[in-house]
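Since each chain comes alone in its own frame, lean on the hints to assemble the complex.
Each chain, written out:
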Amino acid sequence: MAAIHHSLFDRRIVGRAMLDSFKKLNPLSLRKNPVMFVTAVGAVMTTLGLVVRSGKESAGFVFQISLWLWFTVLFANFAEAMAEGRGKAQARELRKTRTSTIANRLREDGTIEAVPAERLRKADLVLVVAGEIIPADGEIIEGAASVDESAITGESAPVIREAGGDRSAVTGGTRVLSDRIKVRVTADPGESFLDRMINLVEGAERRKTPNEIALTILLSALTIIFLAVILTLGPLGRYSGVSFTITSLVALLVCLIPTTIGGLLNAIGIAGIDRMVQKNVLAMSGRAVEAAGDVDVLLLDKTGTITLGNRQAAAFLPAAGVTIDELANAAQLASLADETPEGRSIVVLAKTYGFRGRALSELPEAKFIPFSAQTRMSGVDIDGRRIRKGAPDAVRAFIGQNVPAEVLDSISVISFSGGTPLLVAEGSRVLGAVHLKDIVKGGLRDRFERFRAMGIKTVMITGDNPLTAAAIAREAGMDDFVAEAKPEDKLRLIRSEQAAGHLVAMTGDGTNDAPALAQADVGVAMNTGTQAAKEAGNMVDLDSNPTKLIEVVEIGKQMLITRGALTTFSIANDVAKYFAIIPAMLVGAFPVIAPLNIMGLRSPASAILSAVIFNALIIIALIPLALRGVRFRPLGATALLKRNLLIYGLGGLLAPFAGIKLVDMVVNALHLI
Amino acid sequence: MDLYGWIQLALFLGLLGLLAKPVGLYLVRVLDAQGKTFLDRVLKPVERRLYRFMGVDPRKEQDWIHYTVSLLAFSLAGLLFTFAVLRLQHFLPLNPQKLGPVGPHLAFNTAVSFTTNTNWQNYAGETTLSYFSQMVGLVFHNFVSAAAGIAAAAVLVRGIARHSTRALGHFWVDLVRVNLYLLLPASLIFSIFLGSQGVVQNFNPAVIAAAVETASPRDSRTEAGAQTIAQGPAASQVAIKMLGTNGGGFFNANAAHPYENPTPLSNFIQMLSILLISSGLTYYLGRTVRNQGHGWAVWSAMALLFLASVLICWRAESGGNPRWTALGVDPAAGNMEGKEVRFGAFDSALFASVTTAASCGAVNSMHDSFTPLGGLIPLFNIQLGEVVFGGVGAGLYGMLVFVVLAVFLTGLMVGRSPEYLGKKIEAYDVKISVLAVVILFFSILGFSAWAAVTQWGTSALHNAGPHGLSEILYAYSSGTGNNGSAFAGLNGDSPSYNVTLALAMLAGRFLMLVPVMALAGSLATKKRIPPSGASFPVAGWMFTIILVATVLIVGALTFLPALGLGPIVEHFVMTGSSLLY
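First to last, the sequence lines map onto chains A and B.
The opening residue of the first sequence carries number 1 in our numbering; numbering runs sequentially from there.
The opening residue of the second sequence carries number 1 in our numbering; numbering runs sequentially from there.
The shape of chain B in the complex, shown without the other chains (with noise of 0.2 Å):
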């Protein structure tokens, strides 16, 4: 633990709070369809053209019921578009390398996986799809998704926000103006930046190089003495599969491939860019609830979290393992396995943070190599239902839902009972919080369960012994969570686990989504107590308190047996005995 990590550690969350306010304030407008930007001059005309294109009309608004099924209804054309580029993309243009059809699981697996925002990838990118594949099935939904999860969670912000009514926005709207005005522009200028960095955006085909030395005969792609080296239009997509915490490489090493992520400013800049819309979005809720200390309070517990996780990964990871200590290798690198050279431990556990406190999923570094303690803290990030900043939208509402949980469980001990910025919280609200968390606790643990006892869960796996089961615990928490990271040590393209995953993810996203959906619905219609000093404080350090506890109690408490088998055991076996498996 180096003076070079605190400093960039110190620099990472100063931008990060520094940034939020700006990023919350044009989200504000955004998210307002009345709202003004300074790309109106440009834009305005254009998004006037989509409305009538769409036959919407931007002045009315939906209530939580048609919300939630034009969004559930864009979701599914999109999902079977998907589908059909994929399984199609042998009659599509821009396939240079002259790649067939993606298999019917595999294709399904995918279309699901970029429809939810998870970007699970049970393919390489560079020998499966084609670049028609790539740019309009995948990214479509890199843009997509992640519009309509910041939509979502603005509807519930302005659940809690608004009282005594019904209208909660409209989603195309919110769909056309976050793409037109925030993913669109903001992945232009930063794909550009990549590509200053040295991020490949072309149309060749792969480059066949002659390798200096020869390749690992295991790699059945190289031939003895030559090299291929991917091309493809990356910047665009890196720049939004970030952005939009999709995560999606488009390389399969993904942020840790050079063509990716080629510098240390990419890199400090591809971390930042993750968590910038949702740490924004706590300064929107701020805002537009009129309580910025209640905004704040919930950056700080997202932070306090977020750092807790930064330093447990990095010290595990920092440490090195004992049992090459003990074999002569030199720990002071820290453990090394599985990271670039170029990023070191530092680098990676902190890109390993960041990316599972989101749902993002991009990885600079192999998380099945990490110690099992640094392991297990994207593993756990990842089960406390991504809420430390989280996906872009997802992440806000996911947190909220265990705001409304934090508040109900200790509310009553002001004297009254439960309200949350004003509004009662009632059995009804109770029942569907609850049913959105125990939709991902059920879908985590239940597939995990399943998949261990059976001979395809097994049987996929490259480790034995506590390491195989972490990695089972870890596919379907990142697949149930929307994060799209893989503790790569598990070969997930068999039809079970395509299917299972595929399943995991859509349960994730929106089998937890109605439920959020509903509760914005609900606390809308509540009538608003005026805040006075019995009013519970959601805003002040003693709120965050409150908040990090109830999430690291309830995902403890759910999680701990099955980590108590994988990572924790693990953790022993390796520093306590001799025990190999």
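Just chain A, same shape as in the assembly (with noise of 0.2 Å):
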């Protein structure tokens, strides 16, 4: 899916987009929205005023006005369906790859037989060889596979899919490159991880989060209020001899009403949903995508998404009397076997001393004993020698004495600044200790400060002893950390952190994490993680990349940010509006006010139709910015609020006096009116 982006304004995009948007003119799909369900109820009456008109405006006028509320209904509708309009794209695309297919169910008695994969359901065991399609989304009980999910992930590198542990879960619609795997069907048609995922990016599943129902009842009040305005404004006017025309008090209403982000909010939720999309992240609803912005609590899990996952050898400390390259030759010779990524990092270090990486095969008379976990040792006899390297226990018991203080002192060093020690021994001689690091990613520590800066506490959750997660923590810049941690104790913290009224973000992958995704406000279940961690979040990270996490919490940032830019904008747009069509409404009846005329419009009728025709265009002129979503920024609430108020407030204040203006003299030149 990452392969298929669409730029913003894609021209398919947009022509379905423009022939939705008079789809969407429907009364039904109206309804939903308040505020643009008033203004079509005014065009419809504006335009029925065409028909039946009392005679005291020119038809020119009153058309015009009726075609442009008409077009600030479309222009909505098309905000609407352009966000939808990126998600319909790619549900498209994710349609093809879900081919039919013919599955191996396997009958109770071992036997296969062969069945369309729609007949499929939960708990059928199916045999998947390679080159075939995975038919369901299920769970490895037998066997092994490398498999090739690009379908929905878009990346190509095949990814190891195993019985047993946390790398079980396949998804249907992948493909299988190389051995063969029974797999137990876990979901129903139609209740798929690819059906899922096309619905959700096709919007079909959308409802409306929290924050947009208490918006949409804001603007529903604001909306009612003006009603009331406008309702009493006949009366009052009939009082002091004004009457107002049907088209004048609907074009007042209709800019007044926040038509602005009426029009827009829909748009801004969907482009939130999409723009996790476009960073490979599947927001299973969009108040996860809110509850995102809402996070001041990010758990994070140490390997992998703070450290790279292995630990690499940073220092050669050799005992007295032993030579820092006698040290770093024999720590080689002892890592030549040993094929974890520790291991390899010590052969690396050693060659910075001269010693090139030797091939087991250049020494046949070596015997090489490898690292086992079991031992937690590895090492060679070579020319007599019996060189050893590993954990320092393990060492010790290995030369059956005891290590000389200056080691013991270099073991703690290492132990205290949060690496990890090794020894090498050669017979019952201690040569020296390794210094294992644990390797913080690069630019996590600027992160990290940026979401202090936002208010966002960051906490590391280790296995480690108390000792090294600090030595790390510290290293990374985190605000905290859980040493030693048990699976279950995610949950616990999680708890109590929303106890203390946190909002708790975190990632996962295996099934033991899944009662705490499920209880985070925003859980990040890896992509290659379990079915149960799938399940259990309320986002799924395509790419399985912890770190992700970090973007998962900015997007919802700017989708409420955009949201509430939007509607101060929407709002304070009125003030402008109010001076362009109230004087216009009452200069006829009381010349003497013509110097309300501030921005000094032409006329009365083209003072109106300017207003109206600024209030449709300043909708389509917000598109791009409703789906980009506003730039985000890494500040703190004050500063972030004073930046916004000035651009959105102040500008959303101004701006529309020149926008009128400017539309008035168009109007004008082209003698609309």
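Each statement offered as a hint is correct.
Within a straight-line C-alpha distance of at most 35 Å, the following computed DSBU-like cross-link-like pairs (lysine-lysine) qualify:
| # | chain 1 | residue 1 | chain 2 | residue 2 |
| --- | --- | --- | --- | --- |
| 1 | B | Lys36 | B | Lys527 |
| 2 | A | Lys23 | B | Lys431 |
| 3 | A | Lys279 | B | Lys527 |
| 4 | A | Lys437 | A | Lys279 |
| 5 | B | Lys21 | A | Lys642 |
Short derived list, chain B residues pointing at chain A, Cβ under 10 Å:
| # | residue |
| --- | --- |
| 6 | His163 |
| 7 | Leu409 |
| 8 | Gly411 |
| 9 | Glu426 |
| 10 | Val434 |
| 11 | Val438 |
| 12 | Phe442 |
| 13 | Ala449 |
| 14 | Leu565 |
What the hints contain is simulated information worked out from the structure, not anything from laboratory work.
Yeah, the Cβ is synthetic: ideal placement off N, Cα and C, and Gly gets one too.
Okay, here's the thing in structure tokens:
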């Protein structure tokens, strides 16, 4: 999916959106948006006024007002259709991958029957061999295979999936490249991951988020207030000897009700989910995106998120009477047969002392002892030398005597700085220690710094001892850490943070992460993770990159800011529209109020028309902003507020004065009135 | 706009700011059932006995529904009581003038008016009401309606400050404590001060004096050559009328009457006392929610709006009326129609701004005679919901509704869903907040529009044209806003006006109060998000500006068309034409 990013204004999407704008004129779909519904009713009224004309206003004026009122509704529909369009295009691409496949279902007696994939149900067992497409979502119960998941992730490198552990989930629609696996189906047709994904990006399952509901209530209330203003204006005008035309009352109403934000609100929400998809994150609901913006505690696993997966050798610390070269040489020899990343990093570090990495085949007489989790040592027997490298207690057991004091000192220094010490010994002689260091990913410090500015606390979770954990947390610039954490500690930590009023985000992939993922306000499951984890979280990261949590939060905030900025802008706009329309409506009966026309609009008719045109065009003008989102800046609340208030508050107050004046000049230059 | 005015304005605002803290700190103690005050030694036994008499356990607290029901039930009882007193005043004592019963519509209007802390007066006190009716039927409400307002504000502030609870205080405890520790002692001291300035306090019948000049023949109350000088227990009533932002004058001329407001000092202190408690309540807010910066930000927003209204009104009034200037009237003194010579343009403009910023309604000049723009200010002040300091309690809870709306409108711009002092503002909160505002707007615009096109509505007007419309707008704004001041050119004592204004007053008070209490209940049950660098800043100048802008934009957008047909058109007619109405 990553491969099918669409530019913001793809021609095909625009074309389809234009068509959809008209389809959305259906009153049933308009009804969901009270502001636009009122606008449409107003448009109907002025259009009818064109048919049964009272004769007071020129037909051209009423026609043009009606036209622009319809445009206002159409533009709002267009904004929504554009936002949906990108998702729909993606859904189409996804559907193509959902080709009908024939599954090899295993009968209870072990024989195989071929059935269409749509007939598979939960708990069915299927056999998939190399070259076949996995027919449904499921869990591998036997075997291992390399799987091409590019249909879902856009990532072309195959991934390994195997029975047992946290890499057992497979997704329907992906292709097995090698080996054969037995899969237990976990989703009925129509409920598969791919189906859900299609529904999500298409917006079919979109529900209003809590904040959208609240905002819609406010916008409706403003609409009701302005309706009351307009309805009472009739009698008040009658008292004053002014009779307002339906056209001017409707024009005033539509200009006052918050059409800008009313027209763009849905588009902003859909675009927020869409921006997640662009980052290869599937948000299961708009609610999750909104929660991402609210998160103020990030729970991050150390391994893979904060540090590169592995430790690396950083220094050799020789014992008394041993040269550093001697130690480096011995450590390298002992590590040649250690295929772990740690072992390889020792070989690499020793190269800096002039010992080129030797291939095992160069030393045919040597007997290599590979690293194993039981012995926690690796080594080599060569020319009668027995060189070993490994965990301090394992090596001590091997040499059978005490470690010299200065080496013990080195070990504790290494531990204290957050590193992992390894001992190197030859026979019964301790040569020294190797400092293995966790390598903190680049750029994290700055990122966490930005988070702190935004008021977000970062907490590292690790199984390491507190000393190591503290050192790494310090190096990565995190606010807090939980050391020696067991999986259930995550859940407890989330609960206690939530009880204190915080909103927590975390990532996870294992089945034992599932309860915590479900409890977290934002739980991002890795796509490589288990089915249980993916079900529990409210987002899935298709790239399985835990660091992406940070971007998820940024996108959430960006969406909220965009919504807030356009709301403020929309309401601030009203002031200028008032100054255009009110004088125009009153000047006929009270010519003395002409000085109130501070924009110097040419005539009452052109003033009203210009305000209505501006009101419609501003929706179109703001569509790119609504879809792209305002530029996100990692600032504290006060700085953000100041900045946005200046741009969208003050800007919203002033811009329409210039805008309406400009439209008025154009209207008059073209002799539209 | 002379130097004397500037000095007095600076002194006024300065004192108001200085007094906010001590008053606020005292309010913190009064509004805490266990709070200690220096009056405890004298009043604690009284307080205890009152609780025992009422069967109230002061340690128990109510949730918002029980609190609201208590408040409404109490108000209803008070309404019926006063209605009865007014209808039966001829059987009751302290009626030296032998005044008859008050008519049913007028009695209903008056009872509602005082129950709702409005004090709209469709009667002339000295010629309609006995001393008993004034002192018992009305002054009773001056105390308890003010206390109820303060109590409601305290509930909302508690709702904001507390979390994960339903308990919001106890209505009867708040009512007793506010009266006992705040309103009664303060009124006592204030009325002694007023007495020292010359405000009358007696039970004598009116004095008939031989007039030096013959009074206007139109005034039926005076016989040629004689003048009736009203008497009565004025000082005690004036004290609470100001402190409790009631505004109902003892005399019909209200604070323009020399017996109610005799000296420059009494004038200054009366104005200060109108805003004193409301200003202190903002400090109480800051203290209670543990964010004094927020309290001051709200105070500053109120002060800014107040300053703007005084300056505009003062400028309009001191500029005089160009029509008269053209006829040779010296404009130096400003527009003096309807003003006491003792007060002049500045003190009249300041008093008008004070009394309409608060929901007081006492007047020392006739707002009807202000220049169109000068008169627009008091009208607009009321239409904003009297949130500029506002009525005691009502001003703060009205402003806090705007705070919630302001936070909701702009809160998203910090990248979080809106939150106010750690409380998420959700759909329900928005719903009840806008409900409170919508009721206000509907009542003002709806009743005005109705009256403007009916016979009963327009026949009560003394002026035609835009000024007449201003009078109607003012009447329903004042009623709905529970202000009580009048644009006196409208004769409100007709059955239709009596009833519609009473309905407006009831809507403005109680239909607004219920959503406010519900808001308090909703906020109190929420969890509190700990403050951080990402929290929406509700302290500081930026928030002050947001709040001012929200109040102005919402208010202006709602009322500008109506104001355009009234005072604004009138202004241009006055300055730009020779039209007469």
